[in-house]
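Enquirer: Sequence:
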Amino acid sequence: MSAAAPGGYDARANEARWQALWEERGTFAVSVDPDKPKYYVLEMFPYPSGRIHMGHVRNYTMGDVVARYKRARGFNVLHPMGWDAFGLPAENAATEQGVHPALWTYENIAAMRGQLKLMGLSIDWTREIATCHPGYYRHQQEMLLDFYESGLLYRRNGWVNWDPVEQTVLANEQVIDGRGWRSGAPVERRELPQWFLRITDFAEPLRAALDGLARWPDRVRTMQRNWIGRSEGLRMRFDIVGRGDPLEVFTTRHDTIFGASFLAVSPDHPLTAALAETDSGLAAFVEACRRSGTSEAALETADKLGYPTGLAARHPFDAERRLPIHVANFVLMEYGTGAIFGCPAHDQRDLDFARKYGLPVLPVVVPEGTDPAAFEIGDEAWLGAGRLANSDFLDGLSVEEAKRDVARRMEAAGSGRIEVNFRLRDWGISRQRYWGCPIPIVHCPSCGTVPVPRSGLPVLLPEDVDFAAGGNPLDRHEAWRRVDCPSCGGPAERETSTLDTFVDSSWYFVRFCSPRATCSAEPGEAAYWLPVDQYIGGVEHAILHLLYARFFTRAMRGSGRLDIDEPFSGLFTQGMVCHETYRSREGEWLTPAEIETGPGNRPRRRSTGEEVVVGRSEKMSKSRKNVVDPEDIMDIYGADTARWFMLSDSPPERDLEWTEAGIAGAWRFVNRMWRLMTDPERALALPDAPMPAEAAVRPDLLSVRRALHKTILGVTGDLESFRFNRSVARIHEMVNLLGEFAARDAAACWVRREACEGVIRLAGPMVPHLAEALWEHVGGDGLLADAPWPEACPALAVDEVVTVAVQVAGRTRGRIELPRDAGRAEAEAAALALPTVRAAIGGRQIRRVVFVPNRIVNVVA
RNA sequence: GCGGGUGUGGCGGAAUUGGUAGACGCGGCGGCCUCAAAAGCCGUUGUCCGCAAGGACAUGCCGGUUCGAGUCCGGCCACCCGCACCA
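In the working numbering, the protein residues as written are 933 to 1793.
Derived from the structure by calculation, the hints contain no laboratory data.
Treat the hints loosely; a few may be bogus.
Calculated pairs, BS3-like style, for lysine-lysine (alpha carbon to alpha carbon, straight line, at most 25 Å) [what the hints assert, rightly or not]: (1) K970 <-> K1049; (2) K1642 <-> K1557; (3) K1049 <-> K1642.
Restraint ranges, calculated between C-beta atoms of paired labels, are given here [unchecked claim]: (4) E1123 <-> W1159: 17 to 27 Å; (5) D1632 <-> T1744: 27 to 37 Å; (6) S1549 <-> L1715: 38 to 48 Å; (7) G1006 <-> A1727: 20 to 30 Å; (8) V1710 <-> D1632: 16 to 26 Å; (9) G1775 <-> T1744: 20 to 30 Å; (10) I1496 <-> L1715: 27 to 37 Å; (11) L953 <-> A1727: 31 to 41 Å; (12) G1492 <-> P1377: 26 to 36 Å; (13) R1281 <-> W1159: 45 to 55 Å; (14) G1213 <-> G1547: 47 to 57 Å.
No experiment lies behind these values; they were computed from the predicted model shown.
For every residue, glycine included, the Cβ atom is placed at its ideal position computed from N, Cα and C.
I would like the entire structure built from these sequences, with the hints used as guidance.
Expert: Shown next, in the form of structure tokens:
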């Protein structure tokens, strides 16, 4: 089915024609050209789920507008596409449908490639890559060997979410209310050997460089800064009564040391483990903590629980004072030293804990001007500034002074030092799954972990695998798993974990520079194309993907593979595509296609006629069924209409509400523009006709030309700053004006041509097929895709007559037409001549007249 | 709790960065065309008062600065997003 084509515009046939022509001519294939400035536009590559969704359409439309615009501006534009092709859904398909993950994935890629091609994107398809292809992941394995050699890749025990039914590790987001998302079984915390990348080595550079990313949204930079979470504090040692080993804690509030009333260690702390051997109550407590899971949700709802160890520590500045040591579930082993000192008066968490277990609460920081004796802590800890009290030699100091003094004394005594801690933790990259990049490591009983020699790469995934038994099929694939040790030649085993798919997407933008190179990146190509000038994608990747890619870029530089620090010099995060939701009276979700508009504009169910409940607009999702299939839309209206709608109305960083009326409006515009410019009644001058002298003087012609040149200036500025909705509005205005413009003589026909050509070129990046057809129709030179961006004539882009508002005491009372840049005297005279202005002034004395040239005359009486 | 964002007609949103609030689109209303419909075209459309000219009120709420505030400052409210036992 396709929409009616009034005026003879057949969107689908036209789009197919130009797509074929672009492809045949290799219009968008690029190569290094040292004489041309380069521009690398990249949209986040898709996961090959099988069908594109509206979010993709929005994302790739924006990227395509940028790519085509920059191309018209004379840049050598790299605009590639690929597939984030490893991941769990392929394995689920294997279990559920019995289809091999590779087959499933490649079929999905073929289907989605076809859909993307329908959009008419200016992509260099010769550079297409898929991360599941050995030609891609072998380089990733090489990099892992680099990282292993430099110590960036290491193995240690790490805590994971373990699903006992699925026999697999789950990501945090796959744990829902403490249960596995598929099995529904309670998830356990398990300590397993895991591979990690030492991203924490780069914590400070990654944080510091955020300041230099000027073309990134502040929001994303802030989120990354918080995620990295730098804090400066004191690492200090406490002696434990009756034990040789001291206990180390990390604190940022060492000024409050005299308010300390306990020490707390993590259930995962070595001290806890040692004590639990002889204390069965403690062992049970630790067990209970582990069962509660590692998900953020579980931690949030968990009560503050403690277990007294019976041990006590000595206060560092008061030999007589003893601080009881507890094991507490809220102390994280992964941060600081896994142990804290608790100062209940000045930390809410410590206060809650102290109240629960009857520990002393002694305020030591008192707000300025408050009597320390009268200052009491209720249910809320005092986190503000103040003067030290009840603190011996610190009394009277400010918080900052006290911190410095304590740090100095502890350092002098050799029992403490200033330390910077980061919230960021090393990146655990092992996944106990099949459909991922194999980790090129062998475990040998005599040599330990041994890297696969580079000559043995790539380590390929075996194809004959069985998914029926659950767990990781690589574990059960004896022929694949058993190998000779590369070092001693004895029997050994392959690492059966595969890589987190975030690794795959951490360097794909590099691979696009030289997708078939025999090394990760051909240096000349990478030096020319990188960094990515404009990266576009969803804000959901603001932290993980973007941080990992930044880390990888630095790590690759460290192993000599790249010569840049930052991968993306510009970033744009687009909003989501939303739609109203519908439910039947029984509460069943209904798709928009099942809904029709009944009498009185009431939505009802098409099949039964029953009224439906309309819910608020939400992100399109399968679970809410509020999805509209892009291919259906392109079938009916064509890609240009879908693209135009995606760019209209909503600013690109905000959510877009998909509506039937909106897409229909875009369709109307596409047809209107076609009709207007192909109407045989509206004549155009010949393409190469010289400008008639009248075009520079006749007011009716000048007003059209002024509007055109203002539009060129405006749209150019809008595209540069991602205000696509604004540029859509400007093109609408110009087309409306063109519709009213009756060209009845030769000079007017010349102006009409100038205007039509200008509008076609401006609309080209947004509705490329329509524009290409119109370009042909008006006899433009070659393909529009190769035509330069229109130039605005600065003299024509300003009005010669301006409307100036006349205010009395700041309230607008009238308007006057004045020549541009008219002087104060002229403006004042014209303003005071207005009857409405005189009436508003009444008989009052004029005290002053504010005059802003070309804008305002404000009479203050 | 911490961090960030948003709030303008019936709706999506404009507003030259302190200078004519509501561009453009959607929707509504009226008309033309048609046997009729679709498409298209023309007009109109913030609210209230008024026949009109015009006036009053309007950018979440309260206050401030200014000749002039959607825009700047102070204080609230609502909603959205991210992070969250980080010591």
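Enquirer: Run every hint past the structure and note whether it holds.
Expert: Structure-based check of each hint:
| no. | hint | result |
| --- | --- | --- |
| 1 | K970 <-> K1049 | 24 Å, holds |
| 2 | K1642 <-> K1557 | 44 Å, violated |
| 3 | K1049 <-> K1642 | 34 Å, violated |
| 4 | E1123 <-> W1159: 17 to 27 Å | 24 Å, holds |
| 5 | D1632 <-> T1744: 27 to 37 Å | 29 Å, holds |
| 6 | S1549 <-> L1715: 38 to 48 Å | 39 Å, holds |
| 7 | G1006 <-> A1727: 20 to 30 Å | 23 Å, holds |
| 8 | V1710 <-> D1632: 16 to 26 Å | 21 Å, holds |
| 9 | G1775 <-> T1744: 20 to 30 Å | 21 Å, holds |
| 10 | I1496 <-> L1715: 27 to 37 Å | 34 Å, holds |
| 11 | L953 <-> A1727: 31 to 41 Å | 38 Å, holds |
| 12 | G1492 <-> P1377: 26 to 36 Å | 34 Å, holds |
| 13 | R1281 <-> W1159: 45 to 55 Å | 21 Å, violated |
| 14 | G1213 <-> G1547: 47 to 57 Å | 51 Å, holds |
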